[in-house]
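J.: Next come the chains, spelled out residue by residue.
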Amino acid sequence: GAGVSQSPSNKVTEKGKDVELRCDPISGHTALYWYRQSLGQGLEFLIYFQGNSAPDKSGLPSDRFSAERTGGSVSTLTIQRTQQEDSAVYLCASSPHQGRLRIGQYFGPGTRLTVT
Amino acid sequence: RKEVEQDPGPFNVPEGATVAFNCTYSNSASQSFFWYRQDCRKEPKLLMSVYSSGNEDGRFTAQLNRASQYISLLIRDSKLSDSATYLCVVTIGAGGTSYGKLTFGQGTILTVHP
Numbered sequence: 538g539a540g541v542s543q544s545p546s547n548k549v550t551e552k553g554k555d556v557e558l559r560c561d562p563i564s565g566h567t568a569l570y571w572y573r574q575s576l577g578q579g580l581e582f583l584i585y586f587q588g589n590s591a592p593d594k595s596g597l598p599s600d601r602f603s604a605e606r607t608g609g610s611v612s613t614l615t616i617q618r619t620q621q622e623d624s625a626v627y628l629c630a631s632s633p634h635q636g637r638l639r640i641g642q643y644f645g646p647g648t649r650l651t652v653t
Numbered sequence: 176r177k178e179v180e181q182d183p184g185p186f187n188v189p190e191g192a193t194v195a196f197n198c199t200y201s202n203s204a205s206q207s208f209f210w211y212r213q214d215c216r217k218e219p220k221l222l223m224s225v226y227s228s229g230n231e232d233g234r235f236t237a238q239l240n241r242a243s244q245y246i247s248l249l250i251r252d253s254k255l256s257d258s259a260t261y262l263c264v265v266t267i268g269a270g271g272t273s274y275g276k277l278t279f280g281q282g283t284i285l286t287v288h289p
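Going line by line, the protein sequences match chains A and B.
Once you know that position 45 of the first sequence is 582 in my numbering, the rest is easy, because the numbers rise by one and skip nothing.
Once you know that position 54 of the second sequence is 229 in my numbering, the rest is easy, because the numbers rise by one and skip nothing.
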């Protein structure tokens with residue numbers, strides 16, 4: 538079946554511009570997560586959605602970052618006034634159920650963001 | 176101290192070798208444990224969950240020691256295609272709604288050569 542998809546796959550933007558990154562989770566997966574991976578760094582949690590609500594936004598690095606999810610499906614991560622340190626691969630993952638921790642999460646291919 | 180620590184390697188082994196990776200985690204409230212693999216410039220892919228009783232999937236064996244807060248992965252009969260970064264991952268519940276936020280180790284690089 539279809540996996541997690543993300544768009545765009547690559548995004549180059551100028552410092553100060555806003556960007557939107559999109560994630561389409563696996564159909565039926567209620568939990569959705571955003572992570573980012575900077576060059577040479579590990580994966581860093583950003584935000585978690587259960588349905589359309591975000592019980593945990595603790596990983597968002599600043600108030601320039603926001604995310605929403607609509608219809609319990611597609612999610613958009615928005616970065617306002619991008620900075621060079623925002624350059625990273627932004628990964629989305631989905632999981633069938635919040636309570637089934639052993640299931641693990643399935644990742645999309647990521648969006649590689651470069652801020653010049 | 177990092178929440179999840181791994182030996183970054185790299186491990187360079189010949190085809191057919193057995194190789195073991197170790198990982199320690201700092202939060203005793205950690206509830207679920209996984210190994211993911213990540214190929215260069217690709218997304219992480221779930222390799223296997225790790226259970227307290229230990230579990231095996233083909234050439235891969237995972238072990239968990241909750242008392243020592245230690246996780247291991249053993250790969251037998253290494254193949255060239257096993258070359259990747261192996262990520263040790265734990266989840267820590269949040270109050271009454273454990274939601275599975277993944278906390279990743281930095282990864283261990285494995286290169287299998289002919």
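Hints are computed from structural coordinates only; laboratory data are not their basis.
Some clues are possibly wrong.
Said to hold, decoys possible - Label pairs and their in silico Cβ distance ranges:
#1 A:Thr550 / B:Arg234: 27 to 37 angstroms
#2 A:Lys552 / B:Pro189: 44 to 54 angstroms
#3 A:Ser564 / B:Thr193: 31 to 41 angstroms
#4 B:Arg216 / A:Thr613: 42 to 52 angstroms
#5 B:Ala195 / A:Gly608: 36 to 46 angstroms
#6 A:Glu581 / B:Pro189: 15 to 25 angstroms
#7 A:Gly553 / B:Asp252: 48 to 58 angstroms
Think of the CB as a built atom: it goes at the ideal place given N, C-alpha and C, for glycine as much as any other residue.
J.: May I ask you to test the hint 36 to 46 angstroms on the CB atoms belonging to B:Ala195 and A:Gly608?
T.: holds, 45 angstroms
J.: Does 48 to 58 angstroms hold as the CB distance between A:Gly553 and B:Asp252, or does it fail?
T.: For A:Gly553 and B:Asp252 the Cβ distance comes to about 53 angstroms; the hint holds.
J.: So the hint says 42 to 52 angstroms: do the beta-carbon atoms of B:Arg216 and A:Thr613 match that?
T.: At roughly 24 angstroms between Cβ atoms, A:Thr613 and B:Arg216 fall outside 42 to 52 angstroms, so the hint is violated.
J.: Taking the beta carbons of A:Glu581 and B:Pro189, is their distance inside 15 to 25 angstroms?
T.: Violated - the Cβ-Cβ distance for A:Glu581 and B:Pro189, about 35 angstroms, lies outside 15 to 25 angstroms.
J.: I want to verify a distance hint. Is the separation of the beta carbons of A:Ser564 and B:Thr193 within 31 to 41 angstroms?
T.: holds, 39 angstroms
J.: Just to be sure I understand the hint, the distance between the Cβ atoms of A:Thr550 and B:Arg234 should be within 27 to 37 angstroms; is that true here?
T.: Between A:Thr550 and B:Arg234, where Cβ atoms are some 43 angstroms apart, the hint is violated.
J.: May I ask you to test the hint 44 to 54 angstroms on the CB atoms belonging to A:Lys552 and B:Pro189?
T.: Since the Cβ atoms of A:Lys552 and B:Pro189 sit about 47 angstroms apart, the hinted range of 44 to 54 angstroms holds.
When the structure is compared with the earlier hints, violations turn up for hints 1, 4, 6 and for no others.
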